[in-house]
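Novice: Quick mapping for you: the protein sequence lines, in order, are chains E and F. Using this note's numbering, the letters of the first sequence correspond one by one to residues 14 to 569. Using this note's numbering, the letters of the second sequence correspond one by one to residues 14 to 569.
One or more hints might be untrue.
It does not matter which identical chain is used: a pair holds within one copy or between any two.
[Stated by the list, open to error] In the EDC-like style, the derived pairs of lysine to aspartate or glutamate whose C-alpha atoms are separated by at most 16 Å in a straight line are: (1) K557 with D546; (2) K126 with E441; (3) K565 with E387; (4) K536 with D554; (5) K224 with E511; (6) K239 with D183; (7) K367 with D74.
Honestly, the hints are just simulated from the structure, not real lab data.
Protein chains: 2
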Amino acid sequence: MNKYVIGVDYGTLSGRALIADARTGEEIASAVYEYPHAVMDKTLADGTPLGPDWALQDPQDYLDVLSHTVPEIIKKSGISPVDIIGIGTDFTACTVMPVKKDGTPMCFLQEFKNRPHAYAKLWKHHAAQDKANRLNEIAASHGEAWLNNYGGKISSEWTIPKIWQIAEEDPEMYDSMDRFIEAADWIIWQLCGKETRNSCTAGYKEIWNKKTGFPPDEFFHALSPKLTHVVDEKLSRHIIPLGEKAGEITPEAATLTGLRPGTAVAIGNVDAHVCVPAVGIDGPFKMLAIMGTSTCHIMMGTEEHQVPGMCGVVEDGVMPGFFGYEAGQSCVGDHFAWFIENCVPAAYYEEAQKQNKNIYQYLSEKMEKLKPGESGLLALDWWNGNRSVLVDVDLTGMMLGMTLQTKPEEIYRALIEATAYGTRMIIENYRENGVPVNEFYASGGISQKDPLIMQIYSDIISMPVKIAGSEQGPALGSAIFASVAAGEEAGGYDSIFEAAGAMGRIRDRIYNPIPKNVEVYNKLFNEYRVLHDYFGRGTNDVMKRLKDLKNKVMFS
Amino acid sequence: MNKYVIGVDYGTLSGRALIADARTGEEIASAVYEYPHAVMDKTLADGTPLGPDWALQDPQDYLDVLSHTVPEIIKKSGISPVDIIGIGTDFTACTVMPVKKDGTPMCFLQEFKNRPHAYAKLWKHHAAQDKANRLNEIAASHGEAWLNNYGGKISSEWTIPKIWQIAEEDPEMYDSMDRFIEAADWIIWQLCGKETRNSCTAGYKEIWNKKTGFPPDEFFHALSPKLTHVVDEKLSRHIIPLGEKAGEITPEAATLTGLRPGTAVAIGNVDAHVCVPAVGIDGPFKMLAIMGTSTCHIMMGTEEHQVPGMCGVVEDGVMPGFFGYEAGQSCVGDHFAWFIENCVPAAYYEEAQKQNKNIYQYLSEKMEKLKPGESGLLALDWWNGNRSVLVDVDLTGMMLGMTLQTKPEEIYRALIEATAYGTRMIIENYRENGVPVNEFYASGGISQKDPLIMQIYSDIISMPVKIAGSEQGPALGSAIFASVAAGEEAGGYDSIFEAAGAMGRIRDRIYNPIPKNVEVYNKLFNEYRVLHDYFGRGTNDVMKRLKDLKNKVMFS
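Please take these sequences and the hints and turn them into a complete structure.
Specialist: Right, here's the structure in full:
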């Protein structure tokens, strides 16, 4: 009798559930539920206004995903809950919220309903930037060694700046809340009735390290006396590696989801990191690029190297026993969308329409005819700053080589190539710092939809590019972890490595580097690298001075 | 009784005649005639194919301009030929042609009709680039001092490379032709029946210098033995300063034009240089920028300075007694046209149409709302190489500062600003080399049509910008020289300076620099200058390497 597992992927605007075979990973059915409150970035639902750069969510939406999608896929698949042996979830991160000690979100309480700080702060809540800046200054001046595990900088998107903002702006809220918890862990609490904390978000977002734990209380005191005991008072020192079982479905969760009480629940996970087993990666030095509006690069290593410019290195941060390395590019699909919206001439739209093609397809066909190097163009992919390896949000885009003959498709291709050079910089940066990168996988929308882009990536990084076999990488990854939480005896697996090998998959078509193209792109990458360092490492800080000037004239 | 003068301006595709008051310059009537043969760049009229980069014209078209436009303006104006005291002309340059000793173009002869080298080589005939390269090498290796009068480089557009091409590719033509002459001087020959040679084209295009004459025969011998006596055999050592009278209308020319025999004819002139008196410039250190698809900067000085990167310095090259300096930007209006054609999104066209505006107007209105520095963008205006001060056709465009918020009008404004920084580089280069630039005038299409661009120029060069009062600058300039050829006794002027002061004019509206904008643009110009030198003076020759690579992959 086949057994099945469920994976639930919580994105920025919706949640998606998938039911899969617990041994083979075969996908049986899936369902999506859009968050009714979406992202609150102007006001709360009751009209209470929010400041600039806020981004909140209502955790009721997360529960509603469970109550809508899980019963739906059970019904669609025709599978009996008796044969569903586990559930796993993944979440955007760092999406984090204040709750009472029984797990009730502060925003569920009548008296705090209209208080912005009572809600979940979404990953892209950027209103704690001043806190992040002060934190980084203090950490640097204290010579905190952990800072180098995060490429030298803590982001305003992460836990400590966000809780600090509450402590400073709404001290009453800070005092009333018992716990401050990642949504990734909170949803697990709702399923199995007890609080757990996963090693992935703890490591990447909360400055936790498996060997050295959290920064000392003195450090938090230096931020603000109110934060002195923040770890013990609001967070937790009990961190559980990925791949463990968190608990079992409670009777309440069974009512909510239609699953049987006692069904295994996996420890919480993060939407990018959880994709790794979904492509079958089961060991170190295999990089997965999750390519969407931005790109996240996840890889496991066998040692802790402090590689400059990465987003973080965390033991057990991807799979137990390995060091999870994360790097990123803050703007990939967003580049292409910017170009399409702002730079494609009317004549191209007309011609595309005539040929009954969408504009991406039309441009792709024109681009495909171009040989590498033919446009004479070269760009730096910094339209939204540089996350890795320069970690500098104040950098901006650059393109050169334009002539009166330059065509839109050449510019478009140059932008695509620029993002691939950016990925190659990340790969070479790892290698130069003692971390090999031996294989390259891609998942996410771009990898699924755009063969030309994938070929360009292969030619530029000079490695085969393997493509995720599932279009629902995170949900499948969560299902794989669910199979491990259930264990072999129940019909799943005892090891995430074994489960990844059996349930994860790639497409048959692998993009292999074309030697002639590699030769040209090696030359172009050398040029990219010189300009990358010239503009990005302080030789000519013109981009920052222009941004300063822009800010000055805008407010003068 | 009022007296009148005629100016005829020969452009690339048409000729335009103007009749004006000989004392005040008031424009009475004008007429245009388009060349029936236009530019022959693929085949001759009979289908004889041309090589790449050829550009020829048929001089019959030049005669047809006279026979069509001059009678038309006489008729339109109602002025009697008795009261028309002079005619002046200006031409594109270097547009040059082989003729027999009576002035008959070789292409008018039946036996040479189907021979490409028999026709006028238009200024933009670029098929002698290999000759120009060899000429420059030889001149540099001989240490020829005159080379520095041309910014260190002779262009393939000029006389010697063009006649060398005939000598090498069609030696029979070379032997049969008696003279090789600028169209500017040939048209005067047709009007007054004798060959004259003007100091402007001789100086700027033929390597003639008032003090030292032509390069020695040994130099020409080094190019090719066939060219050893080229000056004496095909050109002329008798060079006449601008502002002189060439002769008088012959009976044949009177029949052609409807003018009276005996009417004064001015020495030939060039379309850019002739504009100087038309804006009333009558002395040194006042720069005129003629702004169209490209920009030409003409200024007079009192001494011969060898300023690096200019196009030429020629005694009597603009007005007699002064040194005429010429510099240029190879791509100005062409930048903007490239942008409009390739980078303006469909949504902008739709919105412009809705508002019943053309796209330039629509973009202008959006641009006008931007403050200097607000876009955060900076560009190098090298889409078509850099003519001054780097003299390098292999440079290409660059832009930086783009973000996901960057809008098309910001890019457009950055391109405009880049051309203004390019002009400022030219101005500062003169100043740094001992040639003051005290005033700035603009003529040509852009100066007439675009107030915003003119304000940006004023803010960036930090000088008032005075705008030509006539939309027909070259034709008016030619008419002014016609008045001087006729002389005061006949109702004109004895001095070009006096005539320029009285007949030339600027608009009432002068664009004055806005101090707040100047302050911002000074900062941006400093950034431009650093990048200009980084990419343009050899620190990082990435643009040239990309061009090389492009050529390699295109033909591999």
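Novice: Hint by hint, say whether it matches the structure.
Specialist: Going down the list of hints, with the structure as the test:
1. For a Cα distance limit of 16 Å, the shortest separation of K557 from D546 inside one copy, 14 Å, qualifies, whereas the shortest one across copies, 19 Å, does not.
2. In this homomeric assembly, K126 and E441 never come within 16 Å of each other (Cα to Cα): the closest approach is 49 Å inside a single copy and 64 Å across copies.
3. For a Cα distance limit of 16 Å, the shortest separation of K565 from E387 across copies, 9 Å, qualifies, whereas the shortest one inside one copy, 40 Å, does not.
4. Taking CA atoms no more than 16 Å apart as the test, K536 paired with D554 passes between copies only; the shortest distance there is 13 Å, against 25 Å inside one copy.
5. Taking the closest pair of Cα atoms, K224 and E511 never come within 16 Å of each other, the shortest separation being 26 Å inside a single copy and 90 Å across copies.
6. In this assembly of identical chains, the alpha carbons of K239 and D183 lie at most 16 Å apart only when taken from the same copy (12 Å versus 92 Å across copies).
7. For a Cα distance limit of 16 Å, the shortest separation of K367 from D74 qualifies neither inside one copy, at 43 Å, nor across copies, at 42 Å.
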